[in-house]
Amino acid sequence: MKIERQIEQIINTYSPAISSGEESLESILARYPQLANELRPRLEAVIWLQQVRLSVATRPGFIHDSRKYLEAQIRSMPPLGFWRNLMGRSTPQRWVFNILAPIIVLLLLALVINNAVLTARLSIPGDPLFSTKLVIEDLQLAFTFDPVGKTDLHIQQSRERTLEFIELVMEGDYEYLPNAAGRIETEIDASLHALNNVSKNDPGSEIALVTDLRDILSNELFMLDVLKGTSPTSAQPGITLAIQAAQSGILALR
Amino acid sequence: MPGKLDNDHELIKKAQRGDVNAFGDLYESHAPAIFRYLLSHLDNQMDAEDLTGEVFLKAWRSLPKYTERGVPFLAFLFKIARNILVDHYRKNNNLETKDPQEMDGYSAELISEPIEVVGSQIEHQKILRALHELRTDYQSVLTLRFISELSPEETAQVMKRSVGAIRVLQHRALAVLREELDDIGQHED
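Chains as they are written, first to last, in the numbering used here: chain A, 1 to 254; chain B, 1001 to 1189.
If you're looking for bench data, these hints aren't it; they were derived computationally from the structure.
Bear in mind that the values here come from a model prediction, so they are computed numbers and not experimental data.
Incorrect hints may appear among the rest.
For lysine-lysine, the following DSS-like pairs were computed, each having C-alpha atoms within a straight-line distance of at most 25 Å [what the hints assert, rightly or not]: (1) A:K2 to B:K1160; (2) A:K68 to B:K1014; (3) B:K1013 to A:K68; (4) A:K133 to A:K150; (5) A:K68 to B:K1079; (6) A:K68 to B:K1058; (7) B:K1079 to B:K1065.
So that you can see chain A by itself, here it is in the shape it has in the complex (with noise of 0.2 Å):
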């Protein structure tokens, strides 16, 4: 055992005796001779201190006295809790900032919220980004419950997939193509479904959206014919299943 715990236990077992008179240093230190000259030292000031600690005790009646005017201060006080600190410490500068604090923070959070949203529509396959850019298009198919708006955005989305597909040609990233080129055709097919619904219900809408569709369909076809001719080797499997599916699109339509 250390020294030191050695010391400490002695010092505490036999404070309360020393302190009643009921032991004295000599009778301590005659029990443990080995210790003496690391006790003695330490023992004789913790007996000083037990002497003079009489001189700082309080006076009498003062804890008693001292009591009730504590109590009679605390109850003239506005009562604990949550009103107490809503309402109790408030200072306008602590109203201003109560509401100013939740109205920063929503304007910051909206910031943070609309720049993703622009940063993920911006996106093209391989982004961080991207796939919150398919959720939020999936979010505003979900929310679009009239049949003539869901078919245009099922046919806008069907344009981003090509655009999406003509930038991974222009920067390299071929390894994307053929994920890309089944992504256009899933779009394509989820536009031509989108059209049955409408001509069924609207078949005044459904010529203009036909006619939208087509347009659309034959620039892609152009562009990813235009493409085809400039790229190179390894990009040609993507952009052919690309064409294929824009080929497949228009001869539905028709």
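For chain A, the structure is supplied; the task is to place chain B on it using the hints.
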């Protein structure tokens, strides 16, 4: 020394619900230790009494935020006392020990015998002089352990150190105090 902490739990709960009497019981239980701690750092008994009240008023105001996790009530009180003592030093520039004759005549009516008053003041000055010569952490450990009679565990919580570190600190502080008592010729064999 230990055991005080176990009794506090119910009183604290009641006080947190606004029970002033329960807080009064806590005051009665802990005010002597806080007072002794404060007076062993101050040369004026009235200041120590005022500051003791201030410690408990501050504790009452902080009670809604107080949770017992990890910090017993006594340690919580001593932390407030330490902060209040520091503020008091700042306001009054620093600690100056005085001769008993120079002290601001603490009301004789409070202690009936004039001889007792002078004797108590002389002893009080001895503490101030002896402790004033020690390092701050030595002062703290000796005051908390032997003047306020805190357990090693409570002292460790107030001083934010381990119990082992407090043991070592106390071991050294007692030795240095003993040497200091020889140096200032205050020790009486």
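Okay, the hints, checked on the actual structure:
Annotation: proposed proximity of K2 of chain A to K1160 of chain B holds, straight-line Cα distance about 22 Å (limit 25 Å). Restraint check for K68 of chain A and K1014 of chain B: satisfied, since their Cα atoms lie roughly 18 Å apart, inside the 25 Å limit. Restraint check for K1013 of chain B and K68 of chain A: the C-alpha separation of about 20 Å stays at or below 25 Å, so the hint holds. Of the supplied pair hints, the one linking K133 of chain A and K150 of chain A holds, its CA atoms being roughly 17 Å apart against a limit of 25 Å.
The hinted pair formed by K68 of chain A and K1079 of chain B meets the criterion: a straight-line CA distance of about 24 Å does not exceed 25 Å. Using a Cα cut-off of 25 Å, the hinted pair K68 of chain A and K1058 of chain B holds, with the two alpha carbons roughly 16 Å apart. The straight-line distance between the Cα atoms of K1079 of chain B and K1065 of chain B is roughly 15 Å, inside the 25 Å bound, and the hint therefore holds.
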